[in-house]
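J.: Residues per chain are reported as follows:
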Amino acid sequence: MTLGAPLFWLVVFFFAPLAIVWAYSFGENDGLVRISLTGTFQNYVRALEPLYLEIFAKSALIAGLTTLLCLVLGFPFAVAVTFAPRRLKVWLLLLVMLPFWTNLLIRTYALIAVLREEGVVNGGLEFLWSAGSALSQSLGFGPLDEFKPLSLLYNNTAVVIGLVYIHLPFMVLPLYAALDRLDRSLLEASLDLGAGHARTWLFIIVPLAAPGILSGSLLTFIPALGSYLTPDLLGGPDSQMIANIIERQFKRANNWPFGAALSFILMYATFIAIALQALASGRRSKETP
Amino acid sequence: MSAPVHRLPKERPGPLEYLRAWPMKAWIFLVALFLYLPLITLVVFSFNDSRRTVVWEGFSLRHYAKALNNDALLEALGNSLTIAAASTALSVILGALAGFALWRFRFPGKPLVDGALGLPIVVPEICLGVGMLVFFATVLPWPRGLVWPLNLGAIIIAHVSFSFPFVAVVVRARMASFNREMEEAARDLGAGEWRTIRDIVLPHMSPALAAGALLAFTLSLDDFVITFFTSGPDTVTFPVKVYSMVRFSVTPEVNAVSTLLMALTVLLTALALRAFGDPIARTTPVTGLPKASAQDDRS
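Sequences listed follow chains A and B, in order. Counting from 41, one number per residue, gives the positions in the first sequence under the working numbering. Counting from 428, one number per residue, gives the positions in the second sequence under the working numbering.
Be aware that one or more of the hints could be misleading.
Straight-line distance between alpha carbons at most 25 Å, and here's what the computed DMTMM-like set of lysine to aspartate or glutamate pairs gives [as the list claims (entries may be wrong)]:
1. A:K291 to B:E610
2. B:K452 to B:D476
3. A:K291 to B:E552
4. A:K188 to A:E166
5. A:K188 to A:D220
6. A:K188 to B:E484
7. B:K452 to A:E89
8. A:K291 to B:D649
9. B:K452 to A:E157
10. B:K452 to A:E228
11. A:K98 to B:D661
12. B:K537 to B:D476
13. B:K452 to A:D232
14. A:K291 to A:E157
What the hints contain is simulated information worked out from the structure, not anything from laboratory work.
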């Protein structure tokens, strides 16, 4: 039976581990290593404490902001790819995909080197600053104050920059897939009939790309919400996201039941996001005949 | 004698040639800068003749020499490649079987199986990671001190679990374009079921198998979170090793190894593009018999 082997693997090595975590989320620590499954809801109650609610809200906010920035950054890019000549199209798509195939850890590490106080971004800004200072001096205004490097690393800004950096392809590719199917004569008609480029983009291109926007947003939001590495390496002490708290419960704090409950809350949040997206795209396809 | 020069009026860009409008060009440049500035910086400073990575102090290959003599780092890289190869092989087999079965058969509970196969793709990495940690700690404790590469078994199992559904999706999508009349023709002409699968179905599936293998390999090589929860002190993979190095301090050695790995990625991408051709040109449906079976007939 061809389906037997993959189904067996899925049940034993995917559902069984998750089922154990699920069971543990209703248990409590009994001594140092033993966990007894008492059917308690106390782990979930603890997850509703303000401290943890705040972290959940913050994670959702960071993931939402990441999604929005990816959309703003990626949408014009996807439009450009759509209307590019065919050969160039391949290169532009490759341009987005290539970093995506580079190891995640390498990319995060590369960002650290760029964002550090003595990194490339601050180096460039300092150069501009000193040029501006020389200019103002030669104009007789005297030198500017000393350059203060921006702190771009080990804070929430760095986490958002890192997440946008990593997830941009997840947004661009679905956008391109949606835009590529779009009927160009509609755009030509809109431009012919006197709508400017701004109005054509806002009222024709964006609504027609809505399915791509929806699926791209979902593909960006879900991994961003559960991201562990980026807040861990780029964030500061107050940039902890859900995944970091889960990791701490399983490794340092050694409170598996509570970590299990947090994992399942994250999982349910993911499913809710997927369901909302399915609902939204279902409604859209009903509206358009 | 000078011929009158006919100056063509400068061609105005068409309204939809967005690429020729300067704001669009600037935007693309911005995105490219954002995507590549970190990577370029990483590569440049891997050649820097300085122990710190901040200031440029001349060209040197000494970080490469140091990285290539770092046994722990090389061992981690070897582990990663071994795990990726093993998990790719298993994922392609399982994914092809699942994709084939879902395309071919009708059975009760098919939507359920379909949804279940999609779950590993959407479940957050951290959840699967802690799941694997708990699973290998309680249900199937992986014996310590096994000979290499058997000690990597737990990580390989974990990687297959999140890779093979991706292969199944790719295979299934590819099989949607399969012309079943070809299969019927083969059966009519006397080929048995196994022969039909080997000569007709598999050649049609093969691009999906290649794409799925590439995907599984990349996913495995790239994974940090799930491996982080499954690996022990003697089974360190490349991302886990780099993680501990980065946590400790930022060293140019990491730049050197990363550059080598990136060069490998670019090379593999170029080879894949060469082998499969322009992905956009290939979207036209293939007519006639697949190449592989035509060659079989000739021999």
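J.: Does each hint fit the structure? Answer for all of them.
T.: A quick look at each hint next to the structure:
1. A:K291 to B:E610: violated (54 Å)
2. B:K452 to B:D476: Not satisfied, since the Cα-Cα distance of roughly 36 Å exceeds 25 Å.
3. A:K291 to B:E552: holds (16 Å)
4. A:K188 to A:E166: holds (8 Å)
5. A:K188 to A:D220: Not OK: K188 of chain A and D220 of chain A at ~45 Å, beyond 25 Å, violated.
6. A:K188 to B:E484: holds (24 Å)
7. B:K452 to A:E89: Violated: K452 of chain B and E89 of chain A sit about 49 Å apart, past 25 Å.
8. A:K291 to B:D649: holds (22 Å)
9. B:K452 to A:E157: With a Cα-Cα distance of about 30 Å, the restraint between K452 of chain B and E157 of chain A is violated, given a limit of 25 Å.
10. B:K452 to A:E228: holds (21 Å)
11. A:K98 to B:D661: violated (36 Å)
12. B:K537 to B:D476: violated (60 Å)
13. B:K452 to A:D232: holds (24 Å)
14. A:K291 to A:E157: violated (31 Å)
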